[in-house]
Each structure stands twice: as C-alpha cells, then as structure tokens.
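Novice: Chain residues, written in single-letter form:
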Amino acid sequence: MLWVSRKTIKMNYFPDEVLEHMFFFITSHKDRNSVSLVCKSWYKIERYSRQRVFIGNCYSISPERLIARFPGLKSLTLKGKPHFADFNLVPHEWGGFVYPWIEALAKSRIGLEELRLKRMVVSDESLEFLSKSFVNFKSLVLVSCEGFTTDGLAAIAANCRFLRELDLQENEVDDQRGHWLSCFPESCTSLVTLNFACLKGEINLGALERLVVRSPNLKSLRLNHAVPLDTLQKLLMQAPQLVDLGTGSYVDDPSSEAYSKLKSVFQRCKSIRSLSGFFEVAPHCMSAIYPICRNLTFLNLSYAPGLHGNELTKLIQHCRKLQRLWILDCIGDKGLGVVASTCKELQELRVFPSDLGPGNAAMTEEGLVLLSEGCPKLNSLLYFCQQMTNAALITVAKNCPNFIRFRLCILDPVKCDPVTNQPLDEGFGAIVHFCKGLKRLSLTGLLTDQVFNYIGMYAEQLEMLSIAFAGDSDEGMLYVLNGCKKLRKLEIMKSRFGNAALLEDMGKYEAMRSLWMSSCEVTLGGCKTLAEKMPRLSVEIINESEQMEFSHDDRQKVDKMYLYRTLVGHRKDSPAFVCIL
Amino acid sequence: MSPENGKILPENDAADLNFEATELTLGLPGKSRVTSDGGAKLGNKRGFFETVDLNFGDKDCGQSQIDVQEAANSPVSKVQVEGWPPVRGFRKNAMTSCKYVKVAVDGAPYLRKVDLEMYDSYQQLLSSLEQMFSCFTIRNYLNEKKIIDHMNGIEYVPTYEDKDGDWMLVGDVPWQMFVESCKRLRLKKSSEAIGLAPRTPPKCASTTERSLN
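Residue numbers (UniProt numbering), protein chains in the order written: chain A, 1 to 581; chain B, 1 to 213.
These aren't lab readings, by the way, just hints derived from the structure by calculation. Hints may be right or wrong, so weigh each one.
Unchecked claim - If you anchor each label on the Cβ, the simulated ranges turn out as follows:
#1 B:91 <-> A:162: 32 to 40 Å
#2 A:61 <-> B:93: 46 to 54 Å
#3 A:536 <-> B:176: 54 to 62 Å
#4 A:162 <-> B:88: 53 to 61 Å
#5 B:93 <-> A:257: 32 to 40 Å
Think of the CB as a built atom: it goes at the ideal place given N, C-alpha and C, for glycine as much as any other residue.
So that you can see chain A by itself, here it is in the shape it has in the complex (with noise of 0.2 Å):
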C-alpha cells in the first residue's frame, strides 16, 4: 500500500499557472532552456510560454519544428553565415536564406511581432512577404545582411501598421532610388527606433521629417550621410526626447544660421545618451556637441575619419560618464591616453584601423597600457594594432582582470614582440590567466602552440576562439578542445592544425556550435571520416577556386570546412560550390 501511495505523490507542488507565471520572469535563453530540461511538465509549461527565441545557426534547426514547439513565439533571432564571412572568406551565394522561415511562419498561427537577423540573405520578397503576414509585427533588425534593396525597406514601411523599430546595421542595400520613406502612411506615428546609417542613396528629406514629427515615441534616430546638417537640426527640434542620435553628414560653416540654431537645439536634447555619425565632419562645428557629451554612454566615432587629432581628444574630454567608445586608429597611443583620463567608466573599447594598408597601423601596446592603467573597469576590447608586447598584454591582464571579450588584431598577423623577440605566448597566457570570465579571445601575433596549452588550462569560460596564422602543430587545437569545456564556437583560419586534432574527440563538436577551419592542413580524408562518423554534424567544404571532385583525393587538403551541429540533417539549400559529407 505504501509502495503505491508513493508512486502517486506529485513531483510538481504547484499548478502550472504558478509555474507559468514564474517562468515569465525567466528570461534568459540560457535559462529557459535550462528549466525545459527539468521535466516533462515544465518543458510543456515552458515551451507554451515561451516568446523569445535564439537560433545562433539557421541550420541547426527548421522552422517546423520551431514552430511546433514554441506555438507562442513572438520574437525569433536568427544567424546564419559562419562569423568569417564578414572578411570575404564565404561566397555570398553560400546559404543562410530567410525566406524559407517566413514562408513557414506565415502558414502557421504564429503572432510574430520582432524578427532580428545577423548574416543572413534577405530578398525584397521576404520582406515583402514579412510586411503582409503578421499583423502585429513591430520589430526588424537586420545586421550584416544582404540580398534586398530600398523596395523591400518600402514594404516594411508602407504595410508593418504598428512597427516600432526599423534598425539596419552595417547591411549591404542596393538603392533603388525610391522614396521608402514617403512609404510610412500618415497613420504611422508607432516608430520608437530609426536606424538606416548603413544605407548609401539619397533620402527624402521632407518625408523624414514628416515622419519625425508624427513619431512622438521615438527614441533612437540614426541617420545616414545623405541628410545634411540643417535638417538634422530641423529633426532634433522635433524629437528632444531622443536618446540615440547618429547624424548624417555634419558639414556646416560654423557661422551659419543652421549651426547656431543645432547649436541651441542640442542643449535642449537632455536626454542623448549614445551617439554615432559623423560620417562627414567639419571639426568646427564640434563644440555644438559638447552639451551632450557630459551624459554620453556611448559615442561611435568609427566612421568619422575627419575627426583626428586635437578636434578629437577635446571631444573626448567632454565625455566624462562614456561605458563604450568606438574609435578610429587616428586617435593614436597619446588619444588613448586621454580616454584613459577621462573615461573613468570605461566597459568596452574598439579601435578600428582607419588605413587598411600593411605598415600604416597607428596603435601599439603603448595605447593600451595607457588605457588599461585608467580604466580597471574594462571589459570589452577590440584593438588593431601594428605591435603588441609580451610585458604590455601581461600588465593589462593585471590592471583589468573583468574582461569577457579580448580581440587583438596585429595588422602583420604573425609579428611577434618587437622588444624581446619572442611570441607572444606569455602575453596571451596572461590574459587567460588573469581574466577568469574571458569568454571571447581572438588572437594575433606570432603564436605556437603554448599559448594554446595556456588557452586549454586556464580559460574555463571561454566560449568563442578566434586563431589566425597560429601554432605549430594539432597539439596546439589539441590543447584547446581538450581544456575549454564550455567552448561553443571555434574558428580557426590558415594555421598549422590537421586531421589529428580534428578527429580526436569528435563528439566535442556536438556540445558546440560550429568548427570552422581554413587554408588549415585537414585533408578531404579527414572531414570524410568525420562526417562518417558524426551523423548529428553536418560538415561542408567549400571549394570556389577550382571545381574540385570530391571523388578525388581523400589526401587533398580541403580549403575551407565549415561544420556544425544539426537536428534535421544536411540542409538542402546549398549552392554548388559546397559538398556536404
């Protein structure tokens, strides 16, 4: 009797309404897949009040079986193209296609409200097709995407009725000269962020304005070049409230009648926390900002290579409460220097270079001790460089131990410390060492494969490597996939690593995202037996430069291999140039 009695007590002490409500202030994807792994009943509570949806690879997974589990999906972020396709190094025909999950998620019931992609292929006709398939949609991000002109911008525009955000980020958008602004109807007055920096025609500026003054929401404005300095400050009189601006072209004669009137507007824009723009610059007309910038948390100058020198660092001084600078390599050691000053509250850093041209770097580990010495509340770097120091790295992973994102880009890749001579091993070494949260490491430099024994050792929360022209050998990858337990994303480019080390532990590539490896020394043999014996996987070569039968020669070594993990097999969409195993 009590054998039985026992076998009917109830694991769940409260009703799933309880439950429910509960997991409605779990929001992290992280968390939330963890709690569906608790039990059969939370994964069905969980999965029927889940909104938000993560997809870091568009592969691993269909939108049928997306749809099927999460009926209540309102906001799904999707990536596609390995992280490597930013430097050229997959073909734009590849994959990673939207319009497949839109189509999907039309003819289902889903209420999709927010879609966001990063490097994906986004045609006109899937945006055309988004506009007119959810009534509710209010939210488009597109990042690093590619495939769609302003035609598809216009179809947003005219038929999303309660869209609130429109944020294109760095997407390559072919102009076709329509006016996609006038597209928002009159009844549009919805928008709270308008981001199209990133595209590079002309723009009706009468219907932009228009379009402002009916959007008493809006929060976040970045313009592109094409709109001058007078309408910007026509706009900001309409929209005080904004909290982040990116202005157009800001070219003015100081003495002109719109830069005194921009110059008394910005004093009334209290709330501007985060700026960007400055894509043309008259450095005189600078001083108008300067109200702004005691309350700056964010200031993005990376697209401002008019700005340098004195003009820049004054500005710089004015941004006392700045978290996040984003930089051009004009402003030099001494500039960092300044920043380090001034920028007490300092988190992220990125120094981009201004002259892509071997020899012309301006940054060396001056610039970041510098910075490291004033800002210990560092956690966030992306630094080109034309040196690094052995000594420099060692004592920036003292003065800032927080950091969860370290990326070095020495323009030479393969420099190694110019004082001593020697790798930088010990440097990098040190930052795994020292930085125990580190969580995304890129590295540069002449580097053999010790830093990788210290990579294995000491990074316990690394989750994404980043290695260029490194190494010596497979006991190097050896070291990393064997110590990094938590590694999602390795990504490794015309380095000494082969089939030994691709092939040791192949259920690793299961727990992780994605492997990708080019101009590496794996051979087709090896990527074969892989794909063999790893069915979840799906391993792609990519082979552009020749046609390259893949009958052949299981010795030759594969260019480019790109695998991940996948639920539903090998996807049926790729162009010629890819075999899958």
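Add chain B to chain A, keeping to what the hints say.
Specialist: This is chain B only, laid out in the frame that chain A set:
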C-alpha cells in the same frame, strides 16, 4: 597563400648556413616536416607576406633572433591575403572611399567633379582639368601652377578648400597630403587669386638661366 619563392636572405654572420637551415620550420625542434603534394601550403605558412625564411626551430635563439630582427627590417612586398585584415566588408567599403571633389571655375555656370584618387600627382590632376575645361591649357611655369585660357587670355589659378575651411593654393603641400585635405577645387581668375598664401619666389629663375647656358 604566398608562393614559396619569395626569398631574401638576410646578411648575417651565419652566411655559411645552407639554405635549408635557414628555412622557416615551425615545428618543435626535432619534428620532421611533413611533405605532401600540397607543398605550397606547407612551406611558408608564415608567408603571409613574401617574407624571408627564418630558422625558428633552434633552441639556441641567439641566431634566430637576429634573423627575426633583420627580417622585420628588410623590405618585403606585402600581398593581399583572403580574409585579412579581419575587417567587415561593409566597413572596408566605407573607408576606402573615392575622393570625389567638386571643381568650380569662376564664370562657368556648372561645376564638375573629379576623383582625386585617380591621380598620382598635381601634373596629372591639372592635365585632367585642362581636358575637362577644354578651352584652357595648363602652363606649368616652373613651380607655378596656372591654367590659361588662351581664347580669352584669362589666367586661372587652381585653389582648393581644405578640411579647416581655408582656401589654399594648389601645389604647396605633398600630393598625398593634398588629397587627404582637399574638399573642393576652384579655378580662380588670376586677378582674384591675389591674397592667397604668397608664392615661394622662383628659385627657378636662376636655375633656368643656368640650364640654358
């Protein structure tokens, strides 16, 4: 990948080393280099640039350190490598802009545009302007840069507006500096060009005389 044949051996005390000893071998000491048909990719993995071959495998780093130093200093031709530098295509395109500037001519109703990146020197630019406004010919009188309208006998002086908004005489600064700072061009009638930065007095005069003798 870089070709294997970019070889510039540094002059050093170890001139008696044979070639293999100075080849870049990045395996740990004692490891033999694996060769295969894909030889081109193996040899100079470090050959991102066409670079010198270094012996890096020795435990005794003394010699190789010198090699590295000399390699770093020796002139290398830098080859573009796919995927490098790791900068997003969008950003690359945005930064390598054409440098189109407007060209105005006093008295002409329409402006033209020229791409300064298309030229390597002032001479080329002025020749091109000559062609554009075809009734003029350029007279490059020693170091003076003038454009002359032979039909009307009007002299035009090329001037430009720089980043600071000042109007300058074309030709004073090195070409590259000019390209970077020029925002637009104006061919001013010579009489109106008075008041710009004074010309450097022609040292030319004496040299011409000398060369004529």
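Novice: Work down the list of hints and note, for each, if the structure agrees.
Specialist: Status of each hint after checking the structure:
1. B:91 <-> A:162: 32 to 40 Å: holds (33 Å)
2. A:61 <-> B:93: 46 to 54 Å: violated (33 Å)
3. A:536 <-> B:176: 54 to 62 Å: holds (56 Å)
4. A:162 <-> B:88: 53 to 61 Å: violated (32 Å)
5. B:93 <-> A:257: 32 to 40 Å: At roughly 35 Å between Cβ atoms, residue 257 of chain A and residue 93 of chain B fall inside 32 to 40 Å, so the hint holds.
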